[in-house]
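Full structure from sequences and hints, please.
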Amino acid sequence: MTLRTLDAYLQLPRRRYLTALEWHAAAIGSIAAAVLLGGYGFGIEQLTYLIPGFPTMRLNTAAALMALSLGYMLTLRESRGARYLSIVIAAGIIVWLAWARVNWALTGAPELLATLPADATIACVMLSAIALLLLNLKPGRPALVGVICVLAATPALYRIFGLLLFWGAPDPASPLNAMGLHTATLIAWFNLVCVALHPSLGIGRVILQPSLRGRLLRRALPIVIGLPVVAEAASLALRIMLGWTPEALFALNATISVVIGVMLVWWLSLITQRWQEEAIERAEHLARANEALEQYASSAAHDLKAPARHVLLYGELLEEALAKGDIDGARRHARSIRTSGLELPRLIDGMLEFSRSAYARVSLSHNPLSEIVQAAATMHAPDLEAAHGKVTLESDAVLECDSTLMTSLFQNLFANAIKNRRQDRRLAIRVSCQREPEFWRIAVEDNGSGFESSFAPVAFNPLARGVRAAGEGAGIGLAACRTIVQSHGGVIRIDPDYRTGARIEFTLPAARDPKAAAVDPEPISGPAMAR
Amino acid sequence: MAKLASVLVVDDNPNCLQFMTLAFSAQAGVHVTGEQKPQTALVRIRNEKPNLVMLDVKMPELDGFGLLSTLRAEGNAVPVVMCSGSALQKDVDRAYISGCNGYIEKPTTLADYKEMAHAVVRYWQRTELPQY
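Chains as they are written, first to last, in our numbering: chain A, 1 to 531; chain B, 532 to 663.
There is no bait here: all hints are sound.
Calculated cross-link-like contacts (lysine-lysine; reagent style BS3-like; alpha-carbon spacing at most 30 Å): (1) B:Lys568 with A:Lys305; (2) B:Lys645 with B:Lys534; (3) A:Lys305 with B:Lys621; (4) B:Lys645 with B:Lys580; (5) B:Lys621 with B:Lys645; (6) B:Lys568 with A:Lys419; (7) B:Lys534 with B:Lys580; (8) B:Lys645 with A:Lys305; (9) A:Lys390 with A:Lys419; (10) B:Lys568 with B:Lys621; (11) B:Lys580 with B:Lys568; (12) A:Lys324 with B:Lys645; (13) A:Lys305 with A:Lys324; (14) B:Lys645 with B:Lys568; (15) B:Lys534 with B:Lys568.
No lab work stands behind these hints: they were computed from the structure.
Put into structure tokens, the structure is as follows:
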């Protein structure tokens, strides 16, 4: 399973996550039942002689594991009844195993031994049952459950590694050797997966949370767990095949631990740094959006109130005129009410457009400037046609940008040029692109009435309108352009020295991919362009 | 004590200008004129020396703060009352820092407009008008 797949698995929605845990518990119970039935029904106890430490499962062990599995599945239910039943099951396991062990100790009857689990198994299963009990009774004590879960899993893990790595046991005299491999596996599985990842425990929440801590743990834990196992296996191989001494193996393991440990810490620091940069970038984006919104809210409060106030005031005048029988005056005031009312939807549309540009997430890809300009010009084809306008692209480049946002930016700039065109000449819009060492400088020029020099500093504020453009537009277009450029990491400005129309230029960071360098300028033509 | 005789209303919005002019016209003895363009208003204030300027905050090209700052930088002490559609605290603070003498939020009824104009005129008729 790759890390990405593991991430995807661990970030399952809650319902699917609970179902996955249920399946784990069900698998544990089913395997216990299968081993028991297989052992008694088909004589698999013969495996004892083939694989040391692989006796068939005793009745009480299998029954206890099946009960644990059932009790665990009940803890995942929301109902109180299921929880009570789970408590009864866990308590029953503890009482039953304790009674069985004490009974055998007191009576020493050989028939009892046939069904009695080994002492190590009894201890592990009883600890697992205590963990299950605490999951139901004390879900707010994750540390306690965690300690018991580790205590229950440790002998089982010791037995598993002993059997796997040493083909038997590192210490033949150990009482743990009586625990079967399948029993140890099921106990470790139950504790390390089912109990540890139970949704009511902090550890499960921490590992599964989409926070930096959770993401880091999900990457680090498999390595921290897997590395010692691999190192032990390698040591064993070296000892058996090459006859390395324990001292040499110790030195090797210590060296490997230091080297791999440093590499692990270094790797985690790199991941953390990358995530930190992502977080900073997001915070900056949010701060920019908030700043723009605050600025906008201030302007919107002013501009939205004005038409509403005028409707009220003209309404009063209308009433006065009607009371006096002044029909002409009433008609005039009614017209003013209508004109003021029409302002509102225009302002609201502008507000929506601006908020979209302020909060849009930038999705970068490599796009030819010509395609973006072409798309934006096509949107304005009827207006350009009516104005006998022409859009010319002087030089093309492949830009690393969000094509949708960038098209919207050019649409706004073209709309401005069309709105501010002069009637005595044909509208000509020229787009040029120039490569600077670190960024692209893109300019949009037109031969319209241009901006007042004093308007330039406030032109990009939301709802700001130039005198020459008064009465048209909501003063949103340029503000949206600024948020789009800023979200790409660039800056936008009006060239105050440009006298023959308007010239707006903005920068975009140059593409990091060397393939996305400048391309040969080629003339662009289309229905709305160079005609 | 000079009597308040002339008021110049500066507002880019013709509707606002109309209501403000109407309100001040109703005050006896006060001559009211209006101006939509802030740059022209600046020239008119210098030349016509009105007793009081009612100044809108948000205007294209040159906003009320900019116009007021220019006046004060020139040493012009004409009483200026700023009026705006919204009285956000930061705008009010900025207005007083820029050197305004009063700040009002634009009313929403004709009666309030007249009441506001009456209050402003009454205040400045009781107050020493600066010579500039």
